[in-house]
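*Asks:* The residues making up each chain are set out below.
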Amino acid sequence: MFEHGASGAGGHAGELDPAVERQRVLLGVRLFILSEVMLFGSFFAAYFVLRAEAPAWPPVAGLARPELPLVGFNTLLLISSSFTMQWAVTRIGRGDVARFRRGLLATLVLGAVFLGIQAWEFAHNGFGIADGVFGSTFYALTGFHGAHVLGGLLLMAVVANRARLGLVSREHHTAVEGVSLYWHFVDVVWVTLFLTVYVL
Amino acid sequence: MERWRRPGLARAVLGGVVGFAVGVLLLLGAGQLGAELKPGHLLALGYIGLVLGWLAGLGAFRFWLAWALGRPADRADEAAAHGRAGDWTRYFRFTTDHKVIGLQYLVTFIALFLLAGSLAMVMRLELAQPGQLFDRDTYNTIMSTHGTLMIFVALNAIVGGLGNYFVPLMIGARDMAFPRVNALSYWLVPPALLLILANPLLGGYDTGWTGYPPLSEQANLGEEAFLLAFITLGVSSIISAVNFLVTVSRLRTAGMSPMRLPIFVWSLAVTTAIVLIATSVVASALTMVLFDRLLGTAFFRPSQGGDPILYQHLFWFYSHPAVYVMAVPAFGAILEVVPVFARKPLFAYRLAVLSFLGIGLLSFMVWAHHMFVSGMAEFFHIPIMITTELISVPTGIVFFSAIGTIWLGRIRFATPMLWVFGFLWSFLIGGITGVYLADVPTDLALTDTYFVVAHFHYTIVGGMIFGLFAGIYYWFPKFTGRLMDERLGRLHFWWFTLAFNAAFLPMFWLGIQGMRRRVADYPAELGAVNLWVSIAAFMIGLSMLVFLYNAIRSWARGPVAAANPWRARTLEWQVSSPPPVENFEHPPVVESGPYEYGAPVSAPAIQPSPATGH
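Those sequence lines, one after another, are chains L and W. Residue numbers for the first sequence, in the numbering used here: 1 to 200. Residue numbers for the second sequence, in the numbering used here: 1 to 614.
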């Protein structure tokens with residue numbers, strides 16, 4: 001209890017203790033992720049309700065669900081990007097900036113390839129967002145997820161830029177940890193999405 | 001020229017206009033390439049551009065942008081953004097001081113309260129006599145706008161206003177955990193309000209604040225204004241909730257253990273937890289309506305496999321907990337005022353905290369009581385009825401906490417305390433009539449009648465607005481440094497309370513007679529009672545002029561307030577009125593609970609001198 005108070009509150013009366021700031025930022029990120037869980041939860045809820053009410057899935061004859069192999073490969077890409085991200089976090093925790101930057105870059109590339117394959121799939125699916133509840137739920141879920149991947153990539157680009165300028169170190173890498181939490185969350189959402197929307 | 005380049009309101013307006021134009025032009029370009037365009041598309045993308053341009057113009061992104069680009073932090077600019085004491089321009093800038101943001105919220109939403117109240121009087125003008133004064137679409141738009149704006153007021157006035165101002169002070173902190181996020185959450189509000197107020201120009205909307213499909217999917221362009229404004233305020237609430245929760249869990253000063261937190265802080269912690277969890281659900285439901293309207297999706301279109309009842313589930317999964325987002329901060333403000341004016345420790349403090357947590361938890365299990373007539377699954381009726389009635393247990397404990405504190409206290413009947421008594425009376429009626437709406441058989445008869453209108457006005461005005469006024473009269477000396485006029489305060493209380501009861505008690509009877517809500521006309525034999533209700537409603541409006549006069553005059557020329565005019569023990573009263581920009585020169589050390597009235601301890605906290613350090 002005392003250390004909270006002793007740290008004072010508010011960053012205007014001088015520099016804030018990095019450990020205190022780290023706790024605050026990471027708690028903030030976790031809470032924000034909780035609200036994101038509820039966002040995806042609502043779209044998943046809509047998906048399950050509408051699918052349960054449909055006579056068949058896809059309900060309209062002539063529509064086919066996307067082929068699994070390509071998406072499966074894409075899923076592997078995203079899962080491995082979580083590992084490279086976590087590897088980067090442990091590297092910077094030990095002060096190994098060079099390996100950290102390599103790990104971050106690998107994550108960025110894997111995420112970008114994932115997004116590219118998603119875009120290719122969107123363009124080659126035989127159905128659109130206006131094709132009944134099947135198209136609506138498919139594109140709303142994968143589209144929102146894709147937007148979150150894009151957001152994660154932008155954040156990583158910012159972190160990479162700061163690392164390039166020598167601003168990320170063993171003592172100052174809260175942003176890296178925050179981005180990695182967010183990235184793992186985006187990854188977990190994808191695995192759920194893959195299992196329910198593509199496989200099930 | 002300089003004015004347009006510096007971050008500020010002028011550049012924000014310019015940025016908003018440019019952003020809107022960019023959004024519209026982008027779409028028109030896409031239209032040239034063959035995309036099919038509806039006015040809703042232009043409005044939506046133009047509005048997103050407007051919000052971004054507005055925020056960029058205010059300078060909301062400048063610190064984050066500098067950080068992202070790896071530039072060194074501009075300490076002088078950061079200090080300027082925090083603001084100096086006595087500088088009035090900080091209320092019109094992207095200021096990061098929580099006290100400034102609190103007053104921005106409070107004044108904005110009081111103004112909105114008056115505006116939405118005037119709309120209610122226009123409605124009562126139409127309803128004063130059977131027959132039509134103006135056409136039904138106009139009435140529906142006024143009704144919908146009144147409802148939506150009042151919901152915004154009820155959600156934000158206490159949390160954003162009093163919460164932002166007093167939570168950091170009450171826990172001994174210098175500011176919120178993320179001051180820039182805090183400022184961002186406020187400055188998202190003006191564009192949303194502008195949009196919703198512009199809805200009559202866009203053809204209005206007739207769905208009320210609930211926006212049920214299929215009606216909301218067929219309504220005018222005004223519906224898009226409603227959806228976009230609601231989603232914007234949702235985003236603002238979510239980031240503000242993160243900020244509150246981190247502040248309360250990480251920024252408490254030394255000795256401020258959880259069981260020493262003022263009850264108002266506890267109420268806000270529970271409230272913002274509800275906001276954090278529930279708000280994205282309504283945002284997604286509204287987004288689905290928007291997609292159905294703009295992108296041709298089929299979420300709520302039965303003809304293509306969609307399900308309108310799904311919307312009601314998602315909507316009420318947020319909107320019933322939202323009732324507690326309105327009520328719980330008011331409970332907190334009421335319980336904060338009671339010990340000060342009864343000169344007794346808060347009765348059953350721990351149980352009251354536990355009740356808040358219980359309300360927060362149960363609030364997620366009751367949403368479907370709004371849907372007994374919707375045709376949802378039959379087996380769901382009884383469990384929802386039981387959980388709904390269960391929530392009266394923790395709510396009852398909050399009541400007992402207030403009454404137990406008053407019991408055998410040395411009561412000062414000052415204005416804030418009068419609002420406490422008004423709250424106890426009104427919320428009691430609101431709570432008891434709620435039982436009839438929670439019971440399935442009676443609800444089937446009473447649903448969508450004026451009984452419901454009377455019930456929720458007794459809970460939300462009787463709960464939230466009475467709590468808001470108790471809080472405003474109590475804390476006014478602290479945030480203005482001036483005392484309010486007691487006589488005018490009492491006049492406002494009695495006038496408002498009597499008029500409020502005169503207007504809404506007869507509505508229970510009207511509802512039982514079968515008068516339908518949200519309809520511009522009614523059977524002729526109900527005319528006399530409706531005329532009475534309309535006159536009483538105008539009386540409520542007039543009583544607000546007394547408040548307005550009192551608040552403005554006292555703020556400008558009232559007697560100067562001492563640091564602690566009510567002799568309260570919470571930390572915000574231990575600093576000057578109004579508090580210094582940094583709140584506390586040195587973090588205070590808390591040595592006893594906030595309500596130990598009558599205990600031999602003389603001061604609740606010590607401010608350590610610099611020599612002893614901290």
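Worth double-checking, as some hints may not be accurate.
[Said to hold, decoys possible] Calculated lysine to any residue pairs in the SDA-like style (CA-CA distance at most 25 Å, straight line):
{"no.": "1", "chain 1": "W", "residue 1": "Lys38", "chain 2": "L", "residue 2": "Ala123"}
{"no.": "2", "chain 1": "W", "residue 1": "Lys38", "chain 2": "L", "residue 2": "Gly178"}
{"no.": "3", "chain 1": "W", "residue 1": "Lys38", "chain 2": "W", "residue 2": "Asn140"}
{"no.": "4", "chain 1": "W", "residue 1": "Lys38", "chain 2": "L", "residue 2": "Phe144"}
{"no.": "5", "chain 1": "W", "residue 1": "Lys38", "chain 2": "L", "residue 2": "Gly128"}
{"no.": "6", "chain 1": "W", "residue 1": "Lys344", "chain 2": "W", "residue 2": "Phe379"}
Honestly, the hints are just simulated from the structure, not real lab data.
*Asks:* Determine for every hint whether it applies to the structure shown.
*Replies:* Now the hints, each set against the structure:
With a C-alpha separation of about 23 Å, the suggested pair Lys38 (chain W) and Ala123 (chain L) falls inside the 25 Å cut-off, and the hint holds. Among the hinted pairs, Lys38 (chain W) with Gly178 (chain L) is inconsistent with the structure: their alpha-carbon atoms are about 40 Å apart, more than 25 Å. Note on Lys38 (chain W) and Asn140 (chain W): the hinted pairing holds, with a Cα-Cα distance of about 24 Å set against a maximum of 25 Å. In summary, the hint linking Lys38 (chain W) to Phe144 (chain L) is supported, as the alpha carbons are separated by about 23 Å, within the 25 Å threshold.
A threshold of 25 Å between alpha carbons decides the hint, and for Lys38 (chain W) with Gly128 (chain L) the separation of about 18 Å falls inside it, so the pair holds. Proximity of Lys344 (chain W) to Phe379 (chain W) is assessed by CA-CA distance (about 48 Å); at most 25 Å being required, the pair is judged violated.
Violated hints, in rising order: 2, 6; the structure is consistent with all others.
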